[in-house]
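Student: Each chain, written out:
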Amino acid sequence: MLKYLGLLLASAIMILIEVPSLWKRKRIWDLWVFSTLLFFGIVLVMMRFLNLHIPNPVNGINEVLGPLAEAVFQNLKGGN
Amino acid sequence: MLEKGKISHRQLTVLSLLYTIGTSILIVPSIMSVFSRQDGWIACLVGVVADITIIFIYSALSSRYPKLSFVEYSEKILGKWLGKAVSLFFMSFIFLLSAFLLRVVGNFMTTHIMPNTPIEVTIILFILVVIYAVRLGLETTARAGEIFLPFVIVLFLFLTVFLLPQIKIDRIEPFLEEGFKPVILGAFYYFNLQEQVILLMLVPYSNRPDKARNALLVGTSIGSLIIIVTVLLSTLVLGTEFTQRNMYASYTLAKQISVGNFLQRVEAMLAILWLITIFFKTAVCMYALSLGTAQTLQLKDYRTLTLPFGLLLVFLSLIVYDNIVSFISFTPKVFSLYATIFMVIIPVLLLSIDTLRASLKKEQSS
Chain U
113 MLKYLGLLLA
123 SAIMILIEVP
133 SLWKRKRIWD
143 LWVFSTLLFF
153 GIVLVMMRFL
163 NLHIPNPVNG
173 INEVLGPLAE
183 AVFQNLKGGN
Chain X
5 MLEKGKISHR
15 QLTVLSLLYT
25 IGTSILIVPS
35 IMSVFSRQDG
45 WIACLVGVVA
55 DITIIFIYSA
65 LSSRYPKLSF
75 VEYSEKILGK
85 WLGKAVSLFF
95 MSFIFLLSAF
105 LLRVVGNFMT
115 THIMPNTPIE
125 VTIILFILVV
135 IYAVRLGLET
145 TARAGEIFLP
155 FVIVLFLFLT
165 VFLLPQIKID
175 RIEPFLEEGF
185 KPVILGAFYY
195 FNLQEQVILL
205 MLVPYSNRPD
215 KARNALLVGT
225 SIGSLIIIVT
235 VLLSTLVLGT
245 EFTQRNMYAS
255 YTLAKQISVG
265 NFLQRVEAML
275 AILWLITIFF
285 KTAVCMYALS
295 LGTAQTLQLK
305 DYRTLTLPFG
315 LLLVFLSLIV
325 YDNIVSFISF
335 TPKVFSLYAT
345 IFMVIIPVLL
355 LSIDTLRASL
365 KKEQSS
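So the sequence lines, in the order shown, correspond to chains U and X. In terms of the numbering used here, the first sequence opens at residue 113 and continues consecutively. In terms of the numbering used here, the second sequence opens at residue 5 and continues consecutively.
In case anyone wonders, no lab produced these hints; they're calculated from the structure. By construction, the Cβ of each residue, glycine as well, lies at the ideal position given by its N, Cα and C atoms. Some hints here could point you the wrong way.
To be verified - Some chain U residues well away from chain X (every beta-carbon gap over 10 angstroms; in silico):
(1) MET113
(2) TYR116
(3) LEU117
(4) LEU120
(5) LEU121
(6) PRO132
(7) LEU134
(8) LYS136
(9) LEU162
What the hints assert, rightly or not - Straight line, CA to CA, 25 angstroms or less: simulated BS3-like cross-link-like pairs of lysine-lysine:
(10) LYS215/X / LYS71/X
(11) LYS8/X / LYS136/U
(12) LYS136/U / LYS304/X
(13) LYS71/X / LYS138/U
(14) LYS365/X / LYS71/X
(15) LYS366/X / LYS84/X
(16) LYS304/X / LYS88/X
(17) LYS259/X / LYS172/X
(18) LYS8/X / LYS138/U
(19) LYS10/X / LYS80/X
(20) LYS189/U / LYS185/X
(21) LYS84/X / LYS8/X
(22) LYS365/X / LYS84/X
(23) LYS8/X / LYS304/X
The task is simple: from the sequences and hints, build the whole structure.
Tutor: Now the structure itself:
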């Protein structure tokens, strides 16, 4: 429960720091980008709290570049 | 213009120096001795030559658009939509890199310095300081770099001098035991751990962008010299096998210092040195990330992005490695190829497209 409160508090502080000044200066596009990123952040952290499966970008990179990286390593590692 | 601050030529040098030392001083000795064994320092030397060569390419690129950052001229060169796509792709690299840096800080602090503190706490505290630095702007960060640089140099000299009595020269023999191949492999991995391309985001904000090449060259060379000395000392003092078995070999190296049973356990000094340099590396990365994204999406202020990016980075740094084994299998091997895309392929492509277009235009007008 504490971690949800922490997340709530953290996002509230972020909103308090950024939103009022953006709103006053009518920067609607900036506000959209900020809210989208913050929304993504909150959703992802919640997913982690709930132990849901989150795709890891490193695994994707491993899938794509792994074989080539292994080939480079095997060709250059030297004997023994 | 999103960033109104200007940094001086010297400040750019200092930032690139601290950026080069960055994480490398702690993790490179072990990686080098795993892949190039006792020739790790030669591999570093070759890697530094490659680094300096690529800086010439970067500066050729940035001297074509001295007032613009990497993100802005990629849009100029490739056209609006393709340029924006390339920029966002590039930002994803910086984003992932910053998450790796945070995780390395967390890993080091929890395994070596504060084992009972949860890794989340370390990472959140560190990112808060970085966000603060980024929000204050480039000028402030650069000035802080100037203040911290003497500490870094003095601490490094201190460690080096007190390790000199323990050197055994025969530990780097045999020289080139298995030929050049392992050296090339080590050099390739070393080169890709430097990520100098991100410094291109700072170049337009120095007061003399035309002279930026010198700043980058001097900063990178001095920083690389420090890393080469560290790698050499790790091999000479600890020996190849012991260096391989230690993930943070230079930290173990600092533990060896013992002057007449009087001066001992000074390894915290190395930790301080490293925390300073990785702070600047993370700050530069986060700055480049927020500024680049703001320029790509045409926001009015890059500071808006720092807080949500901070949240996302903390999250990503916690999931990015399942455990230390996946870190070791990813970091030099796969990461090097991944970084090559952004460090070599994209800048070289941009430069050649731009040169081609410029020559075509000349032909049309003549």
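Student: The structure should be examined with respect to each hint, and the outcome stated for every one.
Tutor: Tested hints:
1. With a minimum CB-CB distance of about 16 angstroms to chain X, MET113/U clears the 10 angstroms threshold, and the non-interface call stands.
2. For TYR116/U, the condition that its CB be more than 10 angstroms from all CB atoms of chain X holds, with the nearest at approximately 14 angstroms.
3. The Cβ of LEU117/U sits about 15 angstroms from the closest Cβ of chain X, beyond the 10 angstroms cut-off, so the non-interface label holds.
4. With a cut of 10 angstroms on Cβ distances, LEU120/U stays outside the contact zone with chain X, its closest approach being about 12 angstroms.
5. For LEU121/U, the condition that its CB be more than 10 angstroms from all CB atoms of chain X holds, with the nearest at approximately 12 angstroms.
6. The Cβ of PRO132/U sits about 12 angstroms from the closest Cβ of chain X, beyond the 10 angstroms cut-off, so the non-interface label holds.
7. In this structure LEU134/U is not separated from chain X by more than 10 angstroms, as the shortest Cβ-Cβ distance comes to only about 7 angstroms.
8. Against chain X, the non-interface label of LYS136/U holds: every CB pair exceeds 10 angstroms, the least being about 13 angstroms.
9. For LEU162/U, the shortest C-beta to C-beta distance to chain X comes to about 13 angstroms, beyond the 10 angstroms cut-off, and the non-interface label holds.
10. Distance restraint check for LYS215/X and LYS71/X: the Cα-Cα separation of roughly 13 angstroms lies within the 25 angstroms cut-off, and the hinted pair is therefore satisfied.
11. Straight-line distance between C-alpha atoms of LYS8/X and LYS136/U comes to about 22 angstroms, which keeps the hinted pair within the 25 angstroms bound.
12. As the CA atoms of LYS136/U and LYS304/X are separated by approximately 14 angstroms, the hinted pair is consistent with the 25 angstroms bound.
13. Annotation: proposed proximity of LYS71/X to LYS138/U is violated, straight-line Cα distance about 28 angstroms (limit 25 angstroms).
14. Taking the CA atoms of LYS365/X and LYS71/X, the gap is about 21 angstroms. The hint holds against a cut of 25 angstroms.
15. As the CA atoms of LYS366/X and LYS84/X are separated by approximately 22 angstroms, the hinted pair is consistent with the 25 angstroms bound.
16. At most 25 angstroms may separate the alpha-carbon atoms for a hinted pair to count; LYS304/X and LYS88/X meet this at roughly 17 angstroms.
17. Restraint check: the Cα-Cα separation between LYS259/X and LYS172/X comes to about 17 angstroms, which is no more than 25 angstroms; the hinted pair holds.
18. Only pairs whose Cα atoms come within 25 angstroms are accepted, and LYS8/X paired with LYS138/U is accepted, the gap being roughly 21 angstroms.
19. Distance check on the hinted pair: LYS10/X and LYS80/X sit about 23 angstroms apart at the alpha-carbon level, within 25 angstroms; holds.
20. Of the supplied pair hints, the one linking LYS189/U and LYS185/X holds, its CA atoms being roughly 6 angstroms apart against a limit of 25 angstroms.
21. Proximity of LYS84/X to LYS8/X is assessed by CA-CA distance (about 24 angstroms); at most 25 angstroms being required, the pair is judged to hold.
22. Straight-line distance between C-alpha atoms of LYS365/X and LYS84/X comes to about 19 angstroms, which keeps the hinted pair within the 25 angstroms bound.
23. Under the criterion of a C-alpha separation no larger than 25 angstroms, the hint pairing LYS8/X with LYS304/X is consistent with the structure, at around 12 angstroms.
When the structure is compared with the earlier hints, violations turn up for hints 7 and 13 and for no others.
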